[in-house]
Each structure stands twice: as structure tokens, then as C-alpha cells.
Amino acid sequence: ETGVTQSPTHLIKTRGQQVTLRCSSQSGHNTVSWYQQALGQGPQFIFQYYREEENGRGNFPPRFSGLQFPNYSSELNVNALELDDSALYLCASSLPSGEKLFFGSGTQLSVL
Amino acid sequence: DQQVKQNSPSLSVQEGRISILNCDYTNSMFDYFLWYKKYPAEGPTFLISISSIKDKNEDGRFTVFLNKSAKHLSLHIVPSQPGDSAVYFCAASRGNQFYFGTGTSLTVIP
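Line order of the protein sequences matches chains A and B. Using this note's numbering, you'd call the opening residue of the first sequence number -2 and step up by one each time. Using this note's numbering, you'd call the opening residue of the second sequence number 9 and step up by one each time.
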């Protein structure tokens, strides 16, 4: 059984650029959620995907968007990067019952 | 608006003693509560959970207590071991959204 994998592990971008982060869910999990963890904070919910549709969204602007593919893998896209977007981005997969999240190791994004 | 709060950023405990990590929440509609453990350069790992209909759940050295009237959650680790040193996040869920606290860094001193 493979766990949640994320790529890349680290990324450096400049303000105004666009970024795509990738996630493969744990085997058997069809629900993927994305979280942003800023320094010294807990993870903040960005959105969730289930059956390739967005299934809930946190308090993040539309320049944060996502996709889920038929194999349940997912992408997080962020347009017009801002300095405050610098954070650890965590992907988590779960079963539809959603009682537990299983996290990947994250992508550390630095915006300069 | 922080719906889940961990007011102690750090905690140091001697090996073999009890570690008590605390968490408060504001939303009475939360139906599930969880604790996650995080090591540097890794994602959070699920540790233990409790449904809102229970007040205690045990798993080996880890016990979670839920006090709904006080909107308070605690994690007890006994006995504490050096390998328990990590950041612990409290989380609460309602539907498909999970809300996390800011974490407590636990150091277990050998």
C-alpha cells in the first residue's frame, strides 16, 4: 500500500508567477484535500476534491484552483503568486467517510 | 477566526512522566476530534481520534479526553518517551472540513 506522495518537495518562485503542485493519493482513497501551513500556524483548509469535483472550499481566493484526475491524483494551482503564499502545502487523502486524513510530506513553496 | 486553539506553543517533560497537551475549540457543531503528530520535514501523522459522542478514547500510551461542556480536548501520553518529541496538532472536523490548532512542540527529556 503506497502512502500519499507529493511533488516537488521544494520550490522557489517569484511574485506574480504561477505554480502547480502535485499529489498522488493513498491507495484506495478517492478524496483529496489540500492544506496550507504557514510558519508557526496549523494547516488551513484550501479545498477538497471528490470524484473529480470540488467538494468544499476554505477561505482562499479564486487564484487557488485545483484538479482531480480519474486515478484520484490531484493538482493545486496558484496563480499570481504573492509573498504571503510562501508556506508548506500539504495534500491529504481520505475515504469518503472522511474521518481521518492521511497526509503527504508536503511541498515547501518560497515566493521571493 | 481560529476555531481550534492550542495555547501552549511548547511543553517539556521528563522521560517516563506524563505529557498533557491541551486544545480548546469554539464550534459546538464539530463531530470528530483528532490529534496529529508531526516531525520536521514530514507531513502530519494521525495519532488518535474521538467522536463527539464519547468522552474518552485510549490507544496504548495515548488517551484523548473530550469535555464538550468546556469545549476542551486533551491528549495524555504516559509514559512519555524521547521518540514522542514532535509537534502535536489538535484538529476538529465538521463534514469534510478539518480545522487545526497551531500546534504544541513536545520535548521529552531523557
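Keep in mind that a hint or two might mislead.
With a Cα cut of at most 25 Å, we get these calculated SDA-like pairs of lysine to any residue [to be verified]:
(1) K13(B) <-> P5(A)
(2) K97(A) <-> Q105(B)
(3) K64(B) <-> S94(A)
(4) K13(B) <-> D82(A)
(5) K45(B) <-> P58(A)
(6) K45(B) <-> K62(B)
(7) K45(B) <-> F99(A)
(8) K45(B) <-> H26(A)
(9) K76(B) <-> P90(B)
(10) K62(B) <-> P58(A)
(11) K79(B) <-> P17(B)
(12) K76(B) <-> D82(A)
Partner residues are not named here, just some residues of chain B that face chain A (Cβ under 7 Å, in silico) [as the list claims (entries may be wrong)]:
(13) D32
(14) P48
(15) N104
(16) F108
For each label pair, taking beta carbons as the anchor points, the in silico distance ranges come out as [said to hold, decoys possible]:
(17) M37(B) <-> P59(A): 24 to 30 Å
(18) L80(A) <-> P48(B): 21 to 27 Å
(19) G103(B) <-> D81(A): 23 to 29 Å
(20) S62(A) <-> K64(B): 37 to 43 Å
(21) N27(A) <-> S82(B): 31 to 37 Å
(22) S18(B) <-> S62(A): 35 to 41 Å
(23) Q89(B) <-> S62(A): 41 to 47 Å
(24) P59(A) <-> K62(B): 35 to 41 Å
No wet-lab data here; the hints were simulated from the structure. Think of the CB as a built atom: it goes at the ideal place given N, C-alpha and C, for glycine as much as any other residue.
These are the hints, each one checked on the structure:
1. For the suggested pair K13(B) and P5(A), the alpha carbons sit about 31 Å apart, so the restraint of at most 25 Å is broken.
2. Using a Cα cut-off of 25 Å, the hinted pair K97(A) and Q105(B) holds, with the two alpha carbons roughly 11 Å apart.
3. Between K64(B) and S94(A), the direct Cα distance comes to roughly 21 Å. Compliance with the 25 Å bound is thereby established for this hinted pair.
4. At roughly 23 Å between alpha-carbon atoms, K13(B) and D82(A) fall within 25 Å of each other, so this suggested pair holds.
5. Restraint check: the Cα-Cα separation between K45(B) and P58(A) comes to about 29 Å, which exceeds 25 Å; the hinted pair is violated.
6. The suggested pairing of K45(B) with K62(B) holds, with an alpha-carbon distance near 22 Å, which does not exceed 25 Å.
7. With a C-alpha separation of about 12 Å, the suggested pair K45(B) and F99(A) falls inside the 25 Å cut-off, and the hint holds.
8. About 21 Å separates the Cα atoms of K45(B) and H26(A), which keeps this hinted pair within 25 Å; it holds.
9. Taking the CA atoms of K76(B) and P90(B), the gap is about 31 Å. The hint is violated against a cut of 25 Å.
10. Our distance criterion of 25 Å between C-alpha atoms is broken by K62(B) and P58(A), whose separation comes to about 37 Å.
11. As the CA atoms of K79(B) and P17(B) are separated by approximately 19 Å, the hinted pair is consistent with the 25 Å bound.
12. Annotation: proposed proximity of K76(B) to D82(A) is violated, straight-line Cα distance about 35 Å (limit 25 Å).
13. Taking 7 Å as the C-beta cut-off, the interface hint given for D32(B) is violated, the closest approach to chain A being about 13 Å.
14. Hint on P48(B) is violated. Least Cβ distance to chain A is approximately 10 Å, over the 7 Å limit.
15. The interface hint given for N104(B) is met, as the beta carbon of that residue sits about 5 Å from the closest beta carbon of chain A, less than 7 Å.
16. Checking F108(B) against chain A: minimum C-beta separation of about 3 Å stays under 7 Å; hint holds.
17. For M37(B) and P59(A), the hinted distance range of 24 to 30 Å is satisfied, since their beta carbons lie about 27 Å from each other.
18. Separation of L80(A) from P48(B) is about 23 Å and conforms to the stated range, judged on CB atoms against 21 to 27 Å.
19. In this structure the supplied range 23 to 29 Å holds for G103(B) paired with D81(A), their Cβ-Cβ distance being about 27 Å.
20. Under the hint 37 to 43 Å, the C-beta atoms of S62(A) and K64(B), about 42 Å apart, fit the expected range.
21. Roughly 33 Å separates the CB atoms of N27(A) and S82(B), a value that falls within the hinted 31 to 37 Å.
22. S18(B) and S62(A) have their C-beta atoms about 36 Å apart, which keeps the hinted 35 to 41 Å range intact.
23. Checked against the given bound of 41 to 47 Å, the beta carbons of Q89(B) and S62(A), roughly 43 Å apart, stay inside it.
24. The hinted window of 35 to 41 Å between P59(A) and K62(B) holds, with their beta carbons roughly 39 Å apart.
In summary, the structure is inconsistent with hints 1, 5, 9, 10, 12, 13 and 14 from the numbered list given earlier, while agreeing with the others.
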